[in-house]
Each structure stands twice: as C-alpha cells, then as structure tokens.
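Listed here are the chains, written in short residue letters.
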Amino acid sequence: MGTSETPISREAVQAKVLEVVKPFVKDTALLETITDKTDLINDLKVNSARFIDILLDLEDAFKIQINDKEADSILTIGDAVRIIMSKQTHN
Amino acid sequence: MGVIAPNGISIEAFEQALRNGVSGIKHLPELEALQFACQVGSVPEISEEIKNKYFSEEALRTMSSYVLFGSVAGIQAWLDAGLELPGDSIESVDWDSGVILGSGMSANDLFAEKIMPYTNAGNVRRLGSAIIEQTMNSAPSAHVAGLLALGNQVTSNSSACSTGTESIVNAFERITSGHAKRMLAGGCEGFSPYSLAGFDSMRVLNRKSNDNPQAASRPMSATASGFIPGCGAGILMLEDLESALSRKQRIYAEVLGGAVNCGGQRGGGTMTAPNSTGVQHCIKAALAMSEIGPEEIDAISGHLTSTMADPLEIKNWTLALNRNGKNFPYINSVKSMIGHCLGAAGGIECVATVLQLHKNFLHPSINCEDIHPEIAGLIDEDRIVRKEIKTDNIKIMAKSSFGFGDVNSCVIFKKWAND
Numbered sequence: 714m715g716t717s718e719t720p721i722s723r724e725a726v727q728a729k730v731l732e733v734v735k736p737f738v739k740d741t742a743l744l745e746t747i748t749d750k751t752d753l754i755n756d757l758k759v760n761s762a763r764f765i766d767i768l769l770d771l772e773d774a775f776k777i778q779i780n781d782k783e784a785d786s787i788l789t790i791g792d793a794v795r796i797i798m799s800k801q802t803h804n
Numbered sequence: 085m086g087v088i089a090p091n092g093i094s095i096e097a098f099e100q101a102l103r104n105g106v107s108g109i110k111h112l113p114e115l116e117a118l119q120f121a122c123q124v125g126s127v128p129e130i131s132e133e134i135k136n137k138y139f140s141e142e143a144l145r146t147m148s149s150y151v152l153f154g155s156v157a158g159i160q161a162w163l164d165a166g167l168e169l170p171g172d173s174i175e176s177v178d179w180d181s182g183v184i185l186g187s188g189m190s191a192n193d194l195f196a197e198k199i200m201p202y203t204n205a206g207n208v209r210r211l212g213s214a215i216i217e218q219t220m221n222s223a224p225s226a227h228v229a230g231l232l233a234l235g236n237q238v239t240s241n242s243s244a245c246s247t248g249t250e251s252i253v254n255a256f257e258r259i260t261s262g263h264a265k266r267m268l269a270g271g272c273e274g275f276s277p278y279s280l281a282g283f284d285s286m287r288v289l290n291r292k293s294n295d296n297p298q299a300a301s302r303p304m305s306a307t308a309s310g311f312i313p314g315c316g317a318g319i320l321m322l323e324d325l326e327s328a329l330s331r332k333q334r335i336y337a338e339v340l341g342g343a344v345n346c347g348g349q350r351g352g353g354t355m356t357a358p359n360s361t362g363v364q365h366c367i368k369a370a371l372a373m374s375e376i377g378p379e380e381i382d383a384i385s386g387h388l389t390s391t392m393a394d395p396l397e398i399k400n401w402t403l404a405l406n407r408n409g410k411n412f413p414y415i416n417s418v419k420s421m422i423g424h425c426l427g428a429a430g431g432i433e434c435v436a437t438v439l440q441l442h443k444n445f446l447h448p449s450i451n452c453e454d455i456h457p458e459i460a461g462l463i464d465e466d467r468i469v470r471k472e473i474k475t476d477n478i479k480i481m482a483k484s485s486f487g488f489g490d491v492n493s494c495v496i497f498k499k500w501a502n503d
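Top line first, the protein sequences correspond to chains L and F.
Quick note: the first sequence uses our numbering, first residue 714, plus one each step.
Quick note: the second sequence uses our numbering, first residue 85, plus one each step.
It is worth saying that the hints were derived from the structure and are not from the lab.
Here a beta-carbon is modelled for each residue, glycine too, at the ideal position from N, C-alpha and C.
It cannot be assumed that every hint is accurate.
[Said to hold, decoys possible] Among the chain L residues that face chain F by a calculated CB cut under 10 Å, a handful are:
#, residue
1, K735
2, P736
3, F737
4, K739
5, N760
6, A762
7, R763
8, F764
9, I765
10, D766
11, L769
12, E772
[Said to hold, decoys possible] Cross-link-like lysine to aspartate or glutamate pairs, in silico, EDC-like; alpha carbons within 16 Å at most:
#, chain 1, residue 1, chain 2, residue 2
13, L, K729, L, D773
14, L, K739, F, E142
15, L, K735, F, E141
16, L, K739, F, D172
17, L, K758, F, E142
18, L, K758, F, D172
19, F, K479, F, E380
20, L, K735, L, D756
21, L, K735, F, E142
22, L, K739, F, E141
23, F, K443, F, D476
Excised from the complex, chain L in its bound form (with noise of 0.2 Å):
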C-alpha cells in the first residue's frame, strides 16, 4: 500500500489507521463511531505507554518514517491520517 506511483486514498488510508490502531483498544466498539476529532488516548483509551508502538505499526504499514515532532501531534485519528497523507509521494 502507498507505492511511490499510486496514491492511496484518504478513506482507504483512515481504514488501514484504524486496523493499526485496533489491537491497542479495548473496547473495540469504539472504533464504530470514529471521527476525525477521535482522541486515541481520552477517547479510544488507548495505553499511553503504547503510543510508540502504534507508531512504528503506522511506519511499517504505510512504509513511511515519522519523526519526533510529527509523533508529537498526533493526537487524533485525523492527525495520523493527515501526517500519512502527507507523506504520500504522487506521480
């Protein structure tokens, strides 16, 4: 997924965001209602001792490195997605 050719689609990159982040959530009913705005910590309850390795899940997943700052904001479900696209080279 996210060749350097063909970029990936938001919906398609929140969707695999999503299949990263559940193995770290408890009550995975919570990832029925995601928005943009859902917290992976105060929301989705995530373990904050964790974080790092939904970080390097996302590196791995997405081929992608993220550095210490762009780690830093991401709060939310739309911040990862948002860092991601970002980093999607395009044709």
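Please build the complex by placing chain F on the supplied structure of chain L, with the hints as guidance.
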C-alpha cells in the same frame, strides 16, 4: 496449583506423565545448529489456543517465554484454587493476595532476538514499549499481578536452581507472619540457547546421549553424565488455613515449614558445589520449623540433577536424617523426566511432590537401572522409586533444591487428610 512442564502443561497431564514415567526430553535442533555439545533438552509447548485465551494480540507480539510460562501457570493455579479471574475495576484488586515468581536466567530470548541486534544496529527506536516489561527481572511476577489484580507483595526472587523452592519458603513466611492471606509461589524459566550456552561451555550438560534424548537425564545412575536443560513453570497457591477453610476449596497439602540458607562457599562449597554442612543445616532447620523428627519423612523429592553431585546429595540426606540403608525414606527425581528446569525446577518439583501426597502415589525416577555404586552403598536400592508405587502411607514429603552460589532450600509438605 499450576504447571507448565515439558511432559505436561496441565496438572492432570503432568500427573499422568509422572505416574507413567513419561519423559519430555527431546532433540533440540536449535542446539544442534549452534553446535552445542549437548543437543537435547525439554521445552513445554503452549498452543496458540491457550495463548489467545489469556493474552491479547497486543500482548503476544512481544512476549518472552518465561513470562508466557509463568503467566499461564499462575492463571492455572489461581483458577485451580477456586478463584475467579478479576474484572478491571479497582474493586477487583485483591489486597490479600500476592506472588513470588522468580527465574534463574530471565529473558535471554528477547535480549538476543531484539535488544542486542537493534541496539547494535543503532536502531533502538524500533524496540517498542513492551521490551522493558518483558525483560526486567521481575517480569513474570509483574505480569501475573496484572492478570490477577494482585495487591499484596509482587516480586521475583532469584537463587539459581533453588529459586522455585525458595519462593515457596518465602511465601510461607509472608503468610504465617500475617502479611498476606494467599501467595502464589514458584518458579519459571524461558527457553533460549543463550541461557544454556554457559552451562554447555562448563561441560555440566550431558553430551553423551544426543542420540537417545529420553535416556539422557539419569539422576542417581552410575552413568549420569551431566544434566539436561529444561524450562517451564510450576506454581503453588499457598493460603492461610483459616482463609482456605472458609472458602471451602480443595486443599492439596499443608506446608509444615521450610528453610533456606547458604553454605558460604566454604568447607567444600564453591560457586558450583555445595558445602555439605550447609546442606545438612538447611534440612535440619526445615524439620525443626516443621516440628517433626527425621523419622517422620516418608519420601524425598530430591534435587538430583544427574551429575556427580547426586551421590553427595544422598549422603547429606543420610547424615541430616541419620537414616540409611533400608531405613532411608523413598526418594525420586522429577528431573529424570524433565531435565533441570533451572529457575522453574523447584516450582515444578514442588507441584510433583504435592500431587504425590494428594493422590497417594510415588512416581518413578527413570533412567537409574544402574544405581551409582556410592549411592547403593548408602541406601537400599528399594528406597529408590523406579516404578510407580501406589500407596496412601506417604504422609510427609520433603522437597529440596540446591543452587549455584551454594544456596539451599527445603520445604516439608504434609498430606491433607482432614476433609
């Protein structure tokens, strides 16, 4: 009780394997590939079904084998004691229950697979958040505490091969001093060639039986040639008697008492060999605390590793108890079937001891058709259990463990017959 043994990963399976003298020792291809001199050992196999039953997908991604073994055995023991798995609220915390669950070699598997290569490659950021909680020395007890919402003492002891038995002595002391009602206690050890490499280099492992794994662990035999490495976990739930009776749950046995000490690595004792005076002191102290005389010991589950130390261990028992020949208690060695599970040994072997008391049998000590002549000179061969004995005459059993560091531990168990 809970047990993850190389020849049985449940109490029921372990009991049957003990009765039938079933060995869990196999050829280990990893050791052969790494050119170990000893290429056999014993490793319990935990199914994906069991892993998924107790652990989330997230938890399983970074899990060291000693945490896995210790956690599953801990949950088994908790449920076997008639307790329920707790919920998530603070009201679920059981302030009266704790755990002492140690190991000898900790998480060398994860160290070798993850910590060392990632760090040396300058890539520490890829290690992730779970590495520390999986590899810290207290990882097994910390994990069991979280799974079971334990609110009393949570710690991992470590005294080499004495770890599992020592934890039971310490748990006994915590309860009898009034600081806890229930303590899970025992030992665990993970599988990693890196944990075993040093033993192979020291030439204390049996390198002569690679073609016959099940005959390789030979405690008390004239052809014992070194121990066989193993791993797993064994845990007892110790409980204050009043508390146990009020819960109306099955009681397997009573802990009469126990003792731990060190021989000071003097008087023949070294880092790897026991000071006989220290060993005898420990046994006598255990008897004294238990308020029983040496003649009341019906059977011994020995440390008996299948090394040159076996005859000395028997001699120390004859001197500590002042019993020999036909008057010696029955004796057997679980290690004959599962090898030496290091930090887990004492825990697994205490489970075996309690099972024998509760179920009225003594398991065979396999691979000692040829008794070591020194041992034959000390005790009558019929005292060495070589075939299953079904008897309800075994009322009191002693379990001893001796570890590198010249450390000793001994627990006295009594059959519970008060139902």
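Now for the hints, and whether the structure bears them out:
Nearest Cβ of chain F to the Cβ of L/K735: about 9 Å, under the 10 Å cut. The hint holds. The restraint placing L/P736 at the interface with chain F holds, with a minimum CB-CB distance near 4 Å, inside the 10 Å limit. Because the beta carbon of L/F737 sits about 6 Å from the nearest beta carbon in chain F, less than 10 Å, this interface hint is met. About 8 Å separates the beta-carbon of L/K739 from the nearest beta-carbon of chain F, less than 10 Å, and the hint is met.
Because the closest C-beta pair between L/N760 and chain F is about 9 Å apart, less than 10 Å, the hint holds. A distance limit of 10 Å between C-beta atoms decides the matter here; for L/A762 the minimum to chain F is near 5 Å, and the interface restraint holds. Below 10 Å, beta-carbon pairs count as interface contacts, and L/R763 has one with chain F at about 5 Å; its hint therefore holds. For L/F764, the suggested interface contact is upheld, since its CB lies about 8 Å from the closest CB of chain F, less than 10 Å.
Hint on L/I765 holds. Least Cβ distance to chain F is approximately 5 Å, under the 10 Å limit. This hint holds: L/D766 has a C-beta 5 Å from the nearest C-beta of chain F, less than the 10 Å allowed. Of the supplied interface hints, the one on L/L769 holds, with its beta-carbon coming within about 6 Å of a beta-carbon of chain F, less than 10 Å. The restraint placing L/E772 at the interface with chain F holds, with a minimum CB-CB distance near 9 Å, inside the 10 Å limit.
Under the criterion of a C-alpha separation no larger than 16 Å, the hint pairing L/K729 with L/D773 is consistent with the structure, at around 11 Å. Distance check on the hinted pair: L/K739 and F/E142 sit about 10 Å apart at the alpha-carbon level, within 16 Å; holds. This hinted pair checks out: L/K735 and F/E141 have alpha carbons roughly 10 Å apart, not beyond 16 Å. Under the criterion of a C-alpha separation no larger than 16 Å, the hint pairing L/K739 with F/D172 is consistent with the structure, at around 11 Å.
With a C-alpha separation of about 14 Å, the suggested pair L/K758 and F/E142 falls inside the 16 Å cut-off, and the hint holds. For a cut-off of 16 Å, the pair hint linking L/K758 to F/D172 stands: about 13 Å separates their Cα positions. For the hint pairing F/K479 with F/E380, the CA-to-CA distance comes to about 8 Å; that is within 16 Å, so the pair holds. Annotation: proposed proximity of L/K735 to L/D756 holds, straight-line Cα distance about 13 Å (limit 16 Å).
Proposed proximity of L/K735 and F/E142 is supported: the alpha carbons are some 9 Å apart, at most 16 Å. Note on L/K739 and F/E141: the hinted pairing holds, with a Cα-Cα distance of about 11 Å set against a maximum of 16 Å. The straight-line distance between the Cα atoms of F/K443 and F/D476 is roughly 8 Å, inside the 16 Å bound, and the hint therefore holds.
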